[in-house]
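Visitor: Chain by chain, the residues run as shown.
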Amino acid sequence: MNRRAEIAHRCLLLANKEIARGWHLFELEAPLLAHAGPGQFVHLRTGSSTDPLLRRPVSIHYADPAAGRIRLLIRISGSGTALAARRKAGEELDLLGPFGRGFPFLDETAPALLVAGGIGMAPLFFAAVQRQRAGLPFEFFMGGQSDALLPPDEYFLAHGIAPLIVTEDGSRGGRGLVTALLEERLAGAVKPLRVHACGPAPMLARVAELARSAGVPVHLSLESRMACGVGACLGCVVHVNVDGKVEYRRVCRDGPIFDGEAVCFDN
Amino acid sequence: MITDPRLALDLAGVKMQNPLIAASGCYGFGFDYIQWVDPREWGAIALKGITLEPRAGNPPPRLAETPSGLLNAIGLQNPGIAFFLKEIRPLLRELGCPAIANIAGESVDHYRELAAILDGLGEVSAVEVNISCPNVRCGGISFGRDPATVEKLVGAVRQVYRGPLIVKLSLEAGDIGAVARAAESAGADVLSLINTLKGMVIDIHSRRPFLGNITGGLSGPAIRPVAVRAVWEAAEAVSIPLIGMGGIASAEDALQFILAGASAVAVGTANFVNPHIAREINLGLQRYLDDKGLRHYSELVGAARRETDGR
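Chains as they are written, first to last, in our numbering: chain Z, 48 to 314; chain L, 22 to 332.
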C-alpha cells in the first residue's frame, strides 16, 4: 500500500562549498527530490538535537533528475543555518519535501525577467538554467550588497548564464539596486513579458509595483518563518488579496510563489 | 500503519488502534500530510480548533523558535463550523482513524451551540473542548482558570453532546487538580493536558515583542517536565482517563506521560520535525513492551504512581 510519496529523505551530502561569504552550496544525492522544480523547497533539519528545534525551509537551487542530485544554497543567517553550514561531505542530511508550488509559466515562450536580491537568486538560478536548456528567452538581473556577498561570475558561466549584476556599494557591476535595473528594462518594453522575483520583502514590493505599472505579470517567491512546511500549522501566513478580500495564505502550501498582483506588503 | 493488539484502546468510546493522537492545531483537519503519511499511523487525529464564525487568526509573525521550544500565536484561524460541516466533515472517513473535533468559543453559549451541532455526527468520534488556548482574547484560557466556570461550561456542553467528551486543560489554572475535578464532575469523559504555556519573546533590535500577537503559546520539549507533572497531578485528582501531551518527541517521552497516568498521548510540535513520529513512537512502545514482557501498554498507565503510592 505504498501509493504515498516519500516525505522524509536521508540524503548523502556530496559536497559543501562556500561560494560567497556565508553562502554554502550543498550538492546532495537525492533521487526522490530531483524531480522538483524551481521555486519548490525542502525542509532541512540543521542538526540532530532539539535546539534548534525546527527545520529550515531551503529553496532548491538546482535539480538534476538524470543524476538524481539536487543543490541547495544556504546563506548563514542564524543558529540553524550556521549549524547546517558546518555539515561535511559524507554526512547524511535529513530533508522533507519537495514542498510548495514552484514558479509557473517557466515553459512559455515570452521572455522571462528573473529578478533576484541576494540569496533570492537560489531558485531563479534554477529557473534560468531550465530556460537556457529549453532555448527560451530570459534575462537574469541580480542585486547584492557587495561583491564578496555574491558568487563569482565563473559560478554562473559554468552553467552558461551571465546575470546582469549590481551591488549596493558598487564593488561589482553598477552601483544600485536590482529594482532600478528592472525599472529601466520595463520602460517601454515590448510585451508580452513576465517577471519572476525572489529576494527581501522591500525589494519584492518594489518589483510588484514596477510590474503592475508596466502591465506585466509577476510572480514572487515569499519567505516566512515556518514550522510544518505542509500547511498544517498555519504559522507562515501572509496577507494576499483573494477576489477583492484580504486573506491569510500559507507560504509553505499556497506558495511560496504568489501572484505579485495579489500579495499585500503590509506586514 | 501498526496493528498490534497490545497498543489498541477504547478511550471512553473512541476506538483507537494505538494511543497516539495528533494534537489539535498541529495537523490541520487531517489532510495536510495525507499525500505522504497514512493517517492511520495515528490512533486518532484531533482536528484544528473550530469556532462558530470563521476566524482570520493573528497577524504574523506567528512563530518564534525558542530553546527546544516553539512559541506560536496562530489565533485559532479556522473556516468556522458551517464550512467544517459542508466541506470537511464529508471527507473525515477517508482518514481511516477517529477524528476528534476541537471546539472553542467566546461564551458558554458558543461552546454549547458548537457541541450541539456536532452531536450525533458519525464522522466525528469525539469532541475536545478547548478551554485553554492562550492566544485568543475572548475565548480559550479565560474559561479554563476557574473551577466554577469550568464546571458550568463543561456541564452546558455535556447537556447537548452525548458522545465522548474531552476537556483540554491548561496549566494557567494554578490548581490543576481543582479544575480537573470540576471538569470530571460536570461530565467530562476524558481530560487532555497540557495546552501550550503562555510566553513571549522580545526582538532586541526592533525593541518590540517578536510575535504579532505579542504573546504566544510555548510547546515542544522545553515544556515536557511541566506537562508530565501536570498529568501526574490530574491523575491524582480524577478517575477519568487522561490524554497527556507537551513536548513528546519519542517513545521514551510518551512512556513518561503514560507512567504518570495518561491513557493516551498527543504529539504536536515534534510532528513538524518528523512527520512519521507516530509510527516511530508506536514502534518504540512495541519494543518497550517486548523488553519488559508486557501484554498491553495499559499495564503501564499510572504505574509510576503505584510505585510511589501516589506521593
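Do not take every clue at face value.
Unchecked claim - Taking lysine to any residue pairs in the SDA-like style, the calculated list, with each CA pair at most 20 Å apart, reads:
#	chain 1	residue 1	chain 2	residue 2
1	Z	Lys292	L	Pro100
2	Z	Lys292	L	Gln307
3	Z	Lys292	L	Ala77
As the list claims (entries may be wrong) - Quick list of the computed label-pair ranges, beta carbon to beta carbon:
#	chain 1	residue 1	chain 2	residue 2	range
4	L	Asp224	Z	Arg148	29 to 35 Å
5	Z	Asp194	L	Gln56	41 to 47 Å
6	Z	Glu308	L	Gln180	49 to 55 Å
7	Z	Ser96	L	Arg316	32 to 38 Å
8	L	Glu273	Z	Ala55	18 to 24 Å
9	Z	Ser193	L	Arg166	51 to 57 Å
10	L	Ala324	Z	Pro247	52 to 58 Å
11	L	Gln180	Z	Glu294	22 to 28 Å
These aren't lab readings, by the way, just hints derived from the structure by calculation. Glycine included, C-beta positions come from ideal geometry on N, C-alpha and C.
Visitor: Could you run down the list of hints and mark each one as holding or not?
Guide: Now the hints, each set against the structure:
A distance of roughly 15 Å separates the Cα atoms of Lys292(Z) and Pro100(L); the hinted pair therefore holds under the 20 Å criterion. Only pairs whose Cα atoms come within 20 Å are accepted, and Lys292(Z) paired with Gln307(L) is rejected, the gap being roughly 50 Å. Taken as a hint, the Lys292(Z) and Ala77(L) pair is honoured in the structure, with Cα atoms around 12 Å apart against an allowance of 20 Å. In this structure the hint that Asp224(L) and Arg148(Z) lie 29 to 35 Å apart at CB holds, the actual value being about 30 Å.
A hinted range of 41 to 47 Å for the beta carbons of Asp194(Z) and Gln56(L) is consistent with their spacing of about 43 Å. Distance hint check: the CB atoms of Glu308(Z) and Gln180(L) are about 50 Å apart, consistent with the given range 49 to 55 Å. Between Ser96(Z) and Arg316(L) the C-beta distance comes to about 35 Å, which sits within the given range of 32 to 38 Å. The beta-carbon spacing between Glu273(L) and Ala55(Z), approximately 20 Å, falls within the hinted interval of 18 to 24 Å.
Evaluation of the 51 to 57 Å hint for Ser193(Z) and Arg166(L) yields a pass: the beta carbon distance comes to about 54 Å. Checked against the given bound of 52 to 58 Å, the beta carbons of Ala324(L) and Pro247(Z), roughly 54 Å apart, stay inside it. At roughly 36 Å, the beta-carbon separation of Gln180(L) and Glu294(Z) lies outside the given 22 to 28 Å, and the hint is violated.
Taken one by one, the earlier hints fail for this structure at numbers 2 and 11, listed in ascending order.
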